[in-house]
Amino acid sequence: MIKTDILIIGAGPTGLFTVFEAGLLKLKCHLIDALPQPGGQCSEIYPKKPIYDIPAYPEILAGDLTDKLLEQCKQFEPGFTLGERAETIEKQEDGTFIVTTNKGTQHHAPVVAIAGGLGSFEPRKPLIHNIADFEDKGVEYMIKEPDMYRGKKVVIAGGGDSALDWSIFLSDVASEVTLIHRRNEFRGHLDSVEKAQELKNQGKINLITPAEVTGIVGDHHVKAVVVSQAEHIQKEFEIECDHFIPLFGLSPKLGPIANWGLEIEKNAIKVNNALDYQTNIPGIFAVGDVNTYPGKLKLILCGFHEATLMCQAAYQIINPGKKYVLKYTTVSGVDGFDGTRKEAPKAVVKAID
Amino acid sequence: MEQDVTLKITDRDGVAHEVLAPTDMAMNLMEVVRSYELAPEGTIGICGGMAMCASCQCYVLSDHELPEMQDDEEAMLSEAFYVKDNSRLGCQIQITPELDGLEVELAPES
Chain B
502 MIKTDILIIG
512 AGPTGLFTVF
522 EAGLLKLKCH
532 LIDALPQPGG
542 QCSEIYPKKP
552 IYDIPAYPEI
562 LAGDLTDKLL
572 EQCKQFEPGF
582 TLGERAETIE
592 KQEDGTFIVT
602 TNKGTQHHAP
612 VVAIAGGLGS
622 FEPRKPLIHN
632 IADFEDKGVE
642 YMIKEPDMYR
652 GKKVVIAGGG
662 DSALDWSIFL
672 SDVASEVTLI
682 HRRNEFRGHL
692 DSVEKAQELK
702 NQGKINLITP
712 AEVTGIVGDH
722 HVKAVVVSQA
732 EHIQKEFEIE
742 CDHFIPLFGL
752 SPKLGPIANW
762 GLEIEKNAIK
772 VNNALDYQTN
782 IPGIFAVGDV
792 NTYPGKLKLI
802 LCGFHEATLM
812 CQAAYQIINP
822 GKKYVLKYTT
832 VSGVDGFDGT
842 RKEAPKAVVK
852 AID
Chain L
643 MEQDVTLKIT
653 DRDGVAHEVL
663 APTDMAMNLM
673 EVVRSYELAP
683 EGTIGICGGM
693 AMCASCQCYV
703 LSDHELPEMQ
713 DDEEAMLSEA
723 FYVKDNSRLG
733 CQIQITPELD
743 GLEVELAPES
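Going down the list, the sequences are from chains B and L. Quick note on numbering: the first sequence equals residues 502 to 854 in the numbering used here. Quick note on numbering: the second sequence equals residues 643 to 752 in the numbering used here.
Since the hints were made in silico from the structure, they are not lab data. Among the hints, erroneous ones may be present.
Taking lysine-lysine and the DSBU-like style, the derived pairs with C-alpha atoms no more than 35 Å apart in a straight line are [what the hints assert, rightly or not]:
hint: 1; chain 1: L; residue 1: K650; chain 2: B; residue 2: K771
hint: 2; chain 1: B; residue 1: K799; chain 2: L; residue 2: K726
hint: 3; chain 1: L; residue 1: K726; chain 2: B; residue 2: K638
hint: 4; chain 1: B; residue 1: K851; chain 2: B; residue 2: K823
hint: 5; chain 1: B; residue 1: K575; chain 2: B; residue 2: K799
hint: 6; chain 1: L; residue 1: K726; chain 2: B; residue 2: K549
hint: 7; chain 1: B; residue 1: K550; chain 2: L; residue 2: K650
hint: 8; chain 1: L; residue 1: K650; chain 2: B; residue 2: K754
hint: 9; chain 1: L; residue 1: K650; chain 2: B; residue 2: K823
Next up, chain B with everything else stripped away, as it sits in the complex (with noise of 0.2 Å):
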């Protein structure tokens, strides 16, 4: 069981700037996010876009304030549990919780922090009438573990990055690498989809475009794809095949949150602003773009603040009634549970002859 003082659902930014500012408390912090990467959306959705309202940043990269935010919470060592979803919260006797993620992790913490965004992100599921059927049987939806395709028949579909990557990935591990998209242009960064074209000229991807895979063929695994193919004239053929991978996209679900007995609104978490951000159970706060409340805004800077805020009570809760001040980090300088020590340097104090 993974013990901490907070435990923070999401690791997106908001998430990350939580840990420095518990840091400052003395409070250590552990992050579980769905995703396999720290930074949220930022790091999923957009990370080579621009941010222009970050206080001080008059632009930075979504990949860069991650990057940023890493390296600022870093002396205070924070755990991650990353590609798995917080899926039940269990509240302990004592008030503490005990949250449990889909793979069965267990997490154990006074304070619980849900800094989720706007949920985890799931893939998005092409609509095959029969799919459901064939899910983890021939079927995946994301690439975990790349060697159960060593030696297979493999059939990607999609045209972003990821479907372009793991179709090259793939084609060094698989014994047969298909790609199905439904327009001849690919939307990815313009080295991958160079190597794609070399692939294919090599004969090492079977590129089929523009199409789409409208039906799966298989009794207790998948067999084939049906392929549907609509250059000059309709044609729909079978494509033999071990795997099936469509990969279009993550979309963003509350999910599991949902049943946590939060009071829900808009697809957001009520909160008391007026105090600590803290949600109807006491112990468990909602933090950033999960939370709500009059005048909500979703801004990352909004998040800033609300963590930092958070921060406070959740101290409150662990040491009640011990005595605290706010202190600068510009006086008091910033200690790291790693050992590491900022801070300002001296003045230097020397007469003028």
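Please arrange chain L on chain B, whose structure you already have, making use of the hints.
Just chain L now, with coordinates in the frame of chain B:
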């Protein structure tokens, strides 16, 4: 206000709404839908309007001349579901005086 235009937006439940939208606030169609809460928060405009999620997909029902589709919108629609010939991403349609009377229907959530 004189610079407002009237739009007819059919929501995902099939209910038609006539709404007024300003043309001078750099708003797009997705934002108009959100400002009138015609689709639940969190189900539309997820990427914020970067043509990167297709949650604001709509079908254009009237024959207004719309801004030409850019590469990123076209690419996103080619990966989206429930796409028809008249599909557009609401976030890529700026509200201008020429759009007065525009009729659209929101595509299903996916």
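Tested hints:
| no. | hint | verdict |
| --- | --- | --- |
| 1 | L:K650 with B:K771 | holds (32 Å) |
| 2 | B:K799 with L:K726 | holds (31 Å) |
| 3 | L:K726 with B:K638 | holds (31 Å) |
| 4 | B:K851 with B:K823 | violated (40 Å) |
| 5 | B:K575 with B:K799 | holds (26 Å) |
| 6 | L:K726 with B:K549 | holds (30 Å) |
| 7 | B:K550 with L:K650 | holds (32 Å) |
| 8 | L:K650 with B:K754 | holds (28 Å) |
| 9 | L:K650 with B:K823 | violated (59 Å) |
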